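Asker: Work out the full structure, taking the sequences as your base and the hints as a guide.
Protein chains in written order, with my numbering: chain P, 1 to 246; chain D, 1 to 240.
Calculated from the structure, these hints are not laboratory results.
Take these hints with a grain of salt, some might be off.
Claimed, not checked - Some residues of chain P that are not near chain D, with every Cβ distance over 12 Å (derived):
#, residue
1, Gly90
2, Thr163
3, Ile167
4, Leu188
As the list claims (entries may be wrong) - Incomplete in silico selection of chain P near chain D, CB under 8 Å:
#, residue
5, Asn2
6, Thr3
7, His7
8, Arg17
9, Asp79
10, Lys82
11, Val84
12, Met89
13, Pro92
14, Leu93
As the structure is a computational prediction, the values presented were derived from the model and not from experiment.
Just so it is clear, CB atoms sit at the ideal spot from N, CA and C, and this is done for glycine as well.
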Amino acid sequence: MNTLLTHTKMELKLFFRETLAMLFTFIVPAVSFVVFGLMFKSNTYEGGLDYFQAYIPGMISIIIFTTAFFSMGLQVVIDREKGVYKRLMGTPLQQNAIFTATIAKGFLAIYVGAIEILLIAKFYFGADLTPNPFEFFLALTFCSVTFFSIGFIVSSLAKRMQTALGIAMVAMYPMFFLSGATLPLESLPDILQKMAVAVPLTYVVNILRDGWNGTLFTAGAVMDIAVLGGILVVSTLIGTKFFRWT
Amino acid sequence: MEGTVIELQDIHKSYGDTKAVNGISLTVKKGEVMGIIGANGAGKSTTLEIMMGLRRPDSGTVKVLGMDIKEHAQEIKKRIGIQLQQTALYDRIKVKEALELFSSYYDKKRDLQEIIDTLGIRPYLNKYVKNLSGGWQQRTSLALALVNDPDIIFLDEPTTGLDPQARLELWACINRYRQEGKTILLSTHYMDEAQKHCDRIAIIKKGKLVACDRPKSLISSLLSEEGTMEDVYLQVAVEA
Ligand SMILES: Nc1ncnc2c1ncn2[C@@H]1O[C@H](COP(=O)(O)OP(=O)(O)OP(=O)(O)O)[C@@H](O)[C@H]1O
Ligand SMILES: [Mg+2]
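Answerer: Structure, rendered in structure tokens:
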């Protein structure tokens, strides 16, 4: 237990030393949220949502993506390529502990990033936060786990750091711009709107909005939950089959 | 200092068509310093990593400290210390953090302050391992191999890339632990240090153990006149 705790603490400490991770988790989403907020805070979006109802979930979706792909998927490939895991296999540390520490890091990054967005919304913009904090937390956790499993695929299939980085960079554009996380989907050309269906983050944005606005347990959310649930199952199967520590 | 602590029996390991280890049998006695030499790609690291429990042989049995490595890997890992050929540490970890982290993995711990002073790494404790010069990185990874006060220490090329003085100092450290009765297995490309410090030397050529004996015996049995390990190496380990 003490071993697991020490190892997890170190994993977190190392995370906070990654400049790029800090930038993509705690700076870019927060700054975008503020800038867009200053420009669009009085807009109304699809479903009658105001800026905060639509884009608090949107920015948090971005944090989920960058955490899963960069801080988890890519970082695992980097550590594995360096031989870190091989060295750890030479100690009594259990593989479960490494796995648990990585997951803990993912949750920490997302929850802290999310809280940062909420604080900005409340204290900088004076916006109302969700009346459904439990539903939102549930949605956030479910979406995070789903994306962890996608990050797991990245670290299973990419052998080299460059490959993992390439995958993450290529995925970044559709995830950022075709999911509804940053640009309103209804403002995009038809063809791009259709492509959004194939972008996993679209479902995260939808479910987080459902959680935020209290519609998580309604018929409208079933489809999105089912798609993410399917992704979770399939990615976990693929990851478990192909993942190697060394 | 009797008692066998490592026993390899007919170990094979292939990567595709490459036979990295091709039928090696070897025993190491408690308290021995055993050197493993051979050309690049001969199979030294593969053999060492099989003994460390990091690679699984295709066939053959490995016993470490009297236990079969397949059944008692966890028990064995608690009692050995390893240093890999590459430093293999997190990019952003500091020396002191690495020591504390690795120490936390074990129930049995050796006093970290003592290890730090023996290896002379105190001035570097707050530096990132990545930013240290090769020699200090090597020492850091040696220090990590000692945190659990292991019975057997495996070192894969611990002195490669070090300047002559650093090599001497590292050997002084290794010899200190040898005096405590620890068994030490190491690979090296430096014949002079193998000859000087090793009780026995195993010569690997293309995955096969071609000789294994005391340096003196190797030299006298293979050469008509008085020679050095370098002569032995050139005669035994290298392609004709
Ligand atoms: N993971 C691997 N995949 C494929 N081939 C490998 C792998 N590990 C080792 N080999 C091959 O096995 C052979 C033995 O490699 P090994 O690293 O054991 O040699 P070595 O004696 O340690 O060499 P060096 O002196 O260069 O460290 C080499 O031909 C190497 O290319
Ligand atoms: Mg080697």
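Asker: Go through the numbered hints given earlier and state which of them the structure violates, listing their numbers in rising order.
Answerer: 1
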